[in-house]
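Engineer: Next come the chains, spelled out residue by residue.
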Amino acid sequence: MSRQRGVLMKSFSQSLGKLWNTAWRALASTRLAIWLLASLGLLTLSGTLLPQLPAAINEASRAMWFALAEQKYGSLYAFLRSLRLFELYRSPAFLALLAALFVNTALCTVNRLRALSRMMRRQRLEALGTLITHIAVIAFMLSLAVSKGYAWQESAVALAMGQTHPLGHGKALLLRSDGFRIEKDAQGQPTDYIAQITVLAGDRETRTSSIKLNAPLRVAGVSVWLVSYEPGVRVQVRDQEGQPLILESDAGEGGSGQVTLNLSSGLALLHVPSAGLELHISKATESEAGQAFYLQVLRSGTANPLLAEKVSAGQEIRVADICVTLYSDPYVIYRLKSDPGALPTLLSALALVAGTALSLFSESEHEQ
Amino acid sequence: MNGPELTAYTIASIALAISFALYILSSRTPHVLRFTLPVSRFTNAIATVALLSLCLGLAWRGIVARRWPLGSPFEFTLAFAASIILVYLSLYKTTPMPLAGAIAILLALLLLAYAFFIQPEAARAIQPLPLVMRGIWFALHTLFTVIACGALAVAGGVALLVLPSLSRAARPAPNEIKGSSIVASVLPLPALVDRAMAVGYIALSLGMIAGGIWGEQAWGEYWSWSIKETWTLITWWVCTFYYHVRRRRGWRGSRAMCIAVLALVAVGVTVFLTPSLLHWTRLQRWRIY
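Residue numbers (numbering that gives the first Met the number 0), protein chains in the order written: chain U, 0 to 367; chain Y, 0 to 288.
In isolation and in its complexed conformation, chain U is listed as follows (with noise of 0.2 Å):
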């Protein structure tokens, strides 16, 4: 009886391993290797062929950029939606087919391993290219699931001159803008946009730099980009004697005596609750003369204005006992992002072309 169990699991191990060995050279195989490829291929080509939502989209964006969808493709739409189509490169068939990707490049990979020590032997320079190659193929594919699991971005940080924003998760860091500027040819041409930046440690100023367009600065693993700027102005308000006012602005801005507001929405509020007056300023097209603007000052509550008039940048103006003057002081918006896997991404990005050119220039030179 005993001696038929043993036969019996004997029989079992040796059938359980033909299975391990079968399904270990299929998922390693060349052909899977060919299918996966194919496949990839012309799923990214039938991503080409429809729009695909961004990737960096709000919900009220989303629900927007559906509903054009759904009056572009009409009743084909729900369809398309329901494959995924519009979402193709993070759609799960598109991950899976990666995945598949990944697996059998590691297990090609192993087996490459295996055979390594006879290669080097035989000083076949290709195999040892192409073992390179496949290891940098894993290297990129974890390098970008480090990216998709670990990095964080912040995209549109508005900050005006003076004010600082925490420089990334858990640093105790403070990025300052000190100063925006923008560069012009002869013609009056845009040749760079530049600002000026410090980073504070509490109070310690660690660092000041500038950030242009196509240079970043990257401080303790942040890089921080210039991506555009806003209108933007300065108010100071004091009363007759000069002292500074307590100021509060709608959009939440308030400080004494001064404060920055931005003007991209193109109008904005300022209250100076101890004199009861409201302060609507816009902003004015840019002369010759300099930045101006549209001042209205209205007691709070009324409609009519007690003055209305273009105002220049640096112009003091005095109305109902209070002094005001403005200056144009833009709001400049930074990207802030943080990614670890960019860097191992790279390289392995490299490594993947350095064992191709091995593989294949020396597979050439072999066969002349």
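No wet-lab data here; the hints were simulated from the structure. There could be a bad hint or two in this list.
[Claimed, not checked] Calculated lysine-lysine pairs in the DSS-like style (CA-CA distance at most 25 Å, straight line):
no.	chain 1	residue 1	chain 2	residue 2
1	U	Lys-183	U	Lys-211
2	Y	Lys-92	U	Lys-147
3	Y	Lys-227	U	Lys-71
4	U	Lys-170	U	Lys-336
5	U	Lys-309	U	Lys-282
6	U	Lys-147	U	Lys-309
Source: prediction; values computed, not measured.
Assemble the complex: chain U is given as a structure, and chain Y must be docked to it using the hints.
Structural biologist: Relative to the frame of chain U, chain Y by itself:
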């Protein structure tokens, strides 16, 4: 376009036309004008003149515009033509066959015709580039990409040329001996396709890496799945596919050549059709992205 630049492109066009005629003549009438060493040297020298003229024209354009001269579609098309000649002349010694030269030069001529007769007049004017298109990584990205395009075009063009003969070799007619006549004459060409594909694959990979670095520095993104990027990736998939199948039983020969032709098609779509695809897939009134 200024005088010296136009002169350079005119010289390039004439030189290309002459070298094309000579390559064709050499391949069609081997007994009258055999493609012997002096003739091949002369033909290649003329092709080199075309290459240098195109490069000088582009360099002049760059000097006048004070920028890297591979920024507009017109400039890229001219550089694409130059790259085809460069790749062919570099690989010529591996397979010195006039037919391959003829097809490479024909492709370069077609590109010049496209640049001067199909692209709109405005596209030929020297324009300033957006500020973001500057720096060493943008320059490297366009340089590697244009070399890749040239190499894949040579590979695809030559593959297209060999395909019928390889198919015939695989299925010879009853009265035809396998490996005879025309079939035998094109047999070395797949080796040229292989090398051109290798150059294209490596250059394309380097171009994608340089483009990724440029994108990261400019926008903070290595990759954004734009239609052009995606078609570049498709071209890369096709090249990867080629290197996985070219030695496999059932894929050697004509099937592998079909993949090389597919790489040429992918390059064509990437360079010329992506703006139309973008227009086609754009959602109406969607202005945020």
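Engineer: Hint by hint, note whether the structure agrees.
Structural biologist: Status of each hint after checking the structure:
For the given pair, Lys-183 of chain U sits about 14 Å from Lys-211 of chain U by alpha-carbon distance, which is consistent with the 25 Å threshold. Distance hint between Lys-92 of chain Y and Lys-147 of chain U is unfulfilled; the C-alpha atoms sit about 47 Å from each other, more than 25 Å. Distance restraint check for Lys-227 of chain Y and Lys-71 of chain U: the Cα-Cα separation of roughly 22 Å lies within the 25 Å cut-off, and the hinted pair is therefore satisfied. Between Lys-170 of chain U and Lys-336 of chain U the CA atoms are separated by roughly 13 Å; this keeps the pair inside 25 Å, and the hint holds.
At most 25 Å may separate the alpha-carbon atoms for a hinted pair to count; Lys-309 of chain U and Lys-282 of chain U meet this at roughly 9 Å. Note on Lys-147 of chain U and Lys-309 of chain U: the hinted pairing is violated, with a Cα-Cα distance of about 50 Å set against a maximum of 25 Å.
Of the hints listed earlier, those the structure fails to meet are numbers 2 and 6, in rising order.
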